[in-house]
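J.: If you want the building blocks of each chain, they are given just below.
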Amino acid sequence: MSENQANGGPLVRLDGVEKVFHRGTEEIRVLSELHLEVAEGEFLALMGPSGSGKSTLLNLIGGLDHPTKGTVTIAGERIDRMSDRALSGWRARHIGFVFQLYNLMPTLSAERNVELPLLLTHLGKAERRQHVATALAMVGLAHRAKYFPRTLSGGEQQRVGIARGIVTDPTLLLCDEPTGDLDRKAGDEVLNLLQALNREQGKTIIMVTHDPHASARASRTVHLDKGQLGDEPAK
Amino acid sequence: MKFAHLIWGNLKRKKLRTALTLLTILVAFVLFGLLCAIKQGLIGGVELAGADRLIVRHKVSIIQLLPVSYKARMEKIPGVAGVAHQTWFGGVYQDPKNFFMQCPVVPEEFMAIFPEFLLPPAQMKAWLHTRTGAIVGRKTAERLKFKVGDKVPILSPIWGRRTWEFDIVGIFDGQKKGTDTTAMFFRYDYFDEVRNSLNWGKGLVGWYTIRVKNPAEASEVAKRVDGEFENSPAETKTEPEGAFIQGWANQIGNITLIVAAILAAVFFTILLVTGSTMSQAVRERIGELGVLKAIGFTNGQLLALVLAESCLLTVVGGGLGLAAAWLFASHGDPTGGLLPLFHLPTVDLLIGAGISIALGVITGVLPAVQAMRLRVADALRRM
Ligand SMILES: Nc1ncnc2c1ncn2[C@@H]1O[C@H](COP(=O)(O)OP(=O)(O)OP(=O)(O)O)[C@@H](O)[C@H]1O
Ligand SMILES: [Mg+2]
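As given, the protein sequences belong to chains A and B, one line each in that order.
Residue numbers for the first sequence follow the numbering used here, so the first one is 1 and each next one is one higher.
Residue numbers for the second sequence follow the numbering used here, so the first one is 1 and each next one is one higher.
Heads up, a few of these hints could be off.
Claimed, not checked - Capping the alpha-carbon separation at 25 Å, the derived lysine-lysine pairs in DSS-like fashion look like this:
no., chain 1, residue 1, chain 2, residue 2
1, B, K237, B, K213
2, A, K125, B, K12
3, A, K125, B, K15
4, A, K146, B, K15
Just so you know, the hints here were simulated from the structure itself, not pulled from any lab data.
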């Protein structure tokens, strides 16, 4: 990342990316000849109609899937040809995910959920606890540490999800419709939080959303349609 | 071990299901333990059998008797170091439930051939002096509260349908842990005198035990013995003591095979039960596994998590089951004498432990691989 900063390149760079799914004999070309650059410290909103490939694109950036063609470079590292195994480790080091449906482990308390990514690091128990406490405090849920997901409201669960996403201090925070399942008030709280993380902590965030209200909080918005990105929504 | 709470949490998720699966496994392993103990009770003597001992019985069947005169002829056969005979007395002490074996023997000959029965010299002396004297094994003495000096009445349905009185002159111990100390031995001269007066079974004994000079020659000696009595009215069948005990137990059937068949059926059922529990457990949390993978858990780590879960189930269930079986077996023969060697051997405990781990791996491996193969993007879609 520092090397990247030194030569001033973008934190995220996709070049000529193509993604084709196969369903039986049918080919589904979701992304084609796609270019995207995201600078460090940006808060990018990714919009587009349902089925346009937003999640697919986010998965490519997060190293959850391989592009059919093209290159994906994150913080100076080519991840498009990394093995699955290497990608696991890479994700653990660089990416924080926040999903639409919170995706917390129902069997674990809030703090145990937030701790999960830290289990993959070499941190000791005391350090892990400290990181968890910091992350939970950042999302304003220190007082809910011992609660189990089912006893938390949707907004609180999503904030626990965000705490889990940022607890390892990742290079990049990827959010797939983080407010998609929340009412306006809870959604606003989550957006405030993301915005604060971006402005105060300098976190680079890419957020998929359907909601213009949400994208308004971002520093830049791009629209995905017919496999291509544009600055304006397609007509 | 920092992942322990993850595994534990998964097991706690469906408490009833986990409990029922555990119970099924536990019951299966109790069954395993008890069957092993029964098998041990039936054929355990085979392992303890003297390598230098041959049993000579009537060729037709063990219940046919042999002439006592054979003894002198056997002693002359090359390779024979000693001969002793025993006869099934089949008496009942107070109640048929108090079953234990009684045999008339010639004390010095008998004790010379069975050194695993330890009798204090003073008691041996007393036995030689007391015509109606009998020695009884520690286990039976303790069970039926026999003491040296007691007069014990034993009803024999075979020998005269009358009550015989014996004086307990000694209590013997076993030299090895598994030595059977449930039998009672009394003097053949006393036995012979009484039965002669009854005119029943005169001059006949049940079977002979031969000690050979060189165990390596045992089968040669056995052939010589059977050759000696060929074409006589009572032909013999001579075999190593271990084979004899095996044959004795095999009257009930091929014990090992029966036990193996029952256990195979039991463990196959367990395999299905645990296997379906595990695949259900994995299927219902595909999404969560996807999240773990997104976070950076490797395929290997997910595999290990699922396997640890299934192994924990089978090892805890199996361990509790084996412990219960062991506890039960440690109280000794539950049949009151029919299975004197009833106990759960350490070997079988270890085999049981091995099976429980194997069950965990086998039942966990398919769901685990399923979890491992999961494509994160697909899994998240399924949340
Ligand atoms: N593994 C897959 N196999 C086949 N087709 C897939 C696969 N993943 C995605 N697709 C298809 O790719 C297209 C884009 O899917 P994607 O989930 O990226 O859309 P999206 O923009 O995130 O939609 P939404 O707004 O509904 O979440 C869809 O038509 C989808 O059916
Ligand atoms: Mg989507």
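J.: Of the numbered hints stated earlier in the document, which are not met by this structure?
T.: 3
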